[in-house]
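Read top to bottom, the protein sequences are chains G and C. Residue numbers for the first sequence follow the numbering used here, so the first one is 1 and each next one is one higher. Residue numbers for the second sequence follow the numbering used here, so the first one is 645 and each next one is one higher.
Source of the hints: derived by calculation from the structure; they are not laboratory data. One should not assume that every hint holds.
Simulated coverage check for chain G against chain C, where a stretch passes if three residues somewhere in it have a Cβ under 8 Å from a Cβ of chain C [as the list claims (entries may be wrong)]:
1) 58-69
2) 361-373
3) 449-457
Some chain C residues well away from chain G (every beta-carbon gap over 12 Å; in silico) [as the list claims (entries may be wrong)]:
4) Arg647
5) Arg650
6) Ala659
7) Ala662
8) Pro686
9) Asp704
10) Thr725
11) Gln771
12) Ser772
13) Gly779
14) Lys814
15) Glu816
Idealized CB from N, CA, C, for every residue including glycine.
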Amino acid sequence: MIAETGLAALWLAAGLALLQFVLMIVALRSGADVRRAMRSIAVVQGVLTLVAFGMLLIVFARSDMSVALVFENSNSAKPFIYKVAGAWGNHEGSMLMWVTILAAAGAFVALLAHRTSERTTVAALGAQAVLALGFYAFLLIASNPFARLWPAPMDGQGLNPLLQDPGLAFHPPTLYLGYVGLSVAFSFAVGALLTGEVDSRLARAMRPWVLGAWVLLTLGITAGSYWAYYELGWGGYWFWDPVENASLMPWLAATALLHSINVLAARGALKAWTMMLAVIAFSMSMVGTFLVRSGILTSVHAFAIDPQRGTFLLALLAIYVGAAFTLFAVRAPGLKEGARFELVSRESGLVVNNLILSVVLGVVFVGTLYPLFVEAVSGEKLSVGAPYFDAVAGPLALLLAVLVGIGPLIAWRRERRPVFKPLAIPALLGVTALAITIILAPGMRILPRLGFTVGTYLAAASILPLVKRNPLRAPLATWGMVVAHFGIAVALVGMAANAAFSSERLAIAKPGDILTVGPWAVQLADVTPTAGKNWTAIEAELRASRSSGVITLAPESRFYSDPPTETSESAIRTFWNGQLYTVIGKQDVSGAWQLRLWWKPFVTLIWAGGALIAIGGALALLGRLWRLVWRPRRERDWRRERYA
Amino acid sequence: MSRAVRFAPLVFLLAIIAALVWRLATPVDSNVHSTLEGKPLPAFDLPPILPSKPALSSADLATGRPHLVNVFASWCVPCVTEVKVLQALKERGVPIDGIAIRDRAPDLADFLARNGDPYERIGSDSQSRVQISLGSSGVPESFVVDGKGVIRFQQIGPIEASDVPMILSKIEQAR
């Protein structure tokens, strides 16, 4: 009964989404007042999808093996938390989660959107309904999560130990929330293009959604990077892998949107460009989902591959993005640009920011899809590796980081004061850092050296907006910006330190041998076999020492029997000034073991920086929400008077 | 804004969609190719495990005719079904040698008595050393080795009845 309830709720929600879309068309054509009906429909639709998703969680929590999806992806012996997480750890469940978040976001838009005009709100809700409708169709036609099995099997097949990882259980929901937050920006943009009301009110309505989505994407990317770092055992934090790029591209677009939306909100300028970015940001989310789910590009992150699902997702992508781009092409000439601005102004600074971010987005997009096009033209198989991305995106990112220090100091519209004066101290610090790296490490490559220089400069420059004013009275949004920009500096220094000072040691060692890596002397004390519930392993005992004290690390090389897989469980120890990272590999014929050791100074700053960026975004969001909740009261009272 | 600029995103999108559709429509070579294919077998010399069976060393596999080397174990459940397929391959004239992983003589004798014995030689890899040097991460796995002792093909997982023609053609190519 539970599964059938979920399926029924899903069908009802799909019906309501269709009704919502039809109502939008009627309202836009006839001008009828459908706002109240629309809002109730959107809310009920959101509740119904939550019911459907709740039912899926229940069948997974109860290990109801008569549901095919549970049978394939769960097992009664799994720990409870992974039983529940198994609900979205598969294709059907994750698509249901996607549509649930989408519909719930639609319900919140219906409840909260009082900043845009009635017509624009109705059009945006209609657009959100069409988006949901496509995914309902996908679920109900091509991937029903509630399909039954008869007779019900005794127990399920899903005991894959590799998927029982807290990172994998909570990483996808974070990214999905981010993607779907961008869908609201998309719907608002489409709604505003339909009604022609692209103005600062629209920007203010969109902004919390974009900020929230951006925070979650930042968190998701940072966490994903750390997961790949400790789990894959390669000692790297970013591989420019298609699946990683799939999450980076929406983030880059959202970052650009986040900045241009401020221009629209404050000055009513950059209308067409901001609408374009809102469409692109969500398109990149769909491209990302498509790349990951269709398996069209080969990747180290293996996912189940199904060309049919890929085709369906591609069709949805073509319809939605194609329709939005067409709408843009038709409506863009009608948009009147708002207030003009001079060459040296906050607006220009944000335009430059957007240009650089767009170029980086283009670079990543082309690099990710290039192998596809080469194969289409010449039949040659190739992959674009880190050297291309590092060489092209690295200098652009550094240039952007330099400008990040300047932009927030420039006034809106027109800057008459000398802007560079307060930057003297940060610039001096940057040059000092440059001089120190030249003296202490003359052989350092150019990118890490510039990374140290720009990172040090930006760390100082980023806090300037809080200097010379009472920091406690600065708006929360300003604090958020400062924290996020400071986070960029922190991450930059971490990346530079990792690139410049990491020492790596690959060696064959017998028990008793001592290897040195960086400041550490590491002894392979012993190698012993060990076993877990469904794996056997060899475990090395490593004794590492530097100036004082000895620490023990125990990296493992595991062999899982079902399915037969081999994983390396790296052992990592974190210190205030870096991480010692150890991996044990295979044994050679002579009986010696492969050991890989890294000393990575200040590598943790990379993720600390990512976390700071996300915290900054969250602070800004809090500041905006504060206003959204408290200020509209007055506005609503005022409106009520006017309508009365 | 000129017409060309306004429609540029749409045109760009259509081009990309066309490329992706083409990519989805053409099948991909999704086989995992072992990095050991084309390389000589690592040198090994395994002891016998059963008194009735000769032992296996890498020298036994460079005798001028192709062999199928099966990495298996009596404790491995998929091996039970696989050994019957191996029997069929043996009847088609394929010489099959076994590497028994972490196995004990009585268990193995019992396994062969119950399920059939397609093996010419069986070496005992009690510590998985040879298995690891072969780049094999589980049981069962099989290797087609040509007459010079070079690995021509690696099958990960059991050989199913439907794989028999494919294995026969690999053996034929290795001649």
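Quiz prompt | Violated hints - listed by number, lowest first | solution = 1, 3, 4, 5, 6, 7, 8, 11, 12 and 13
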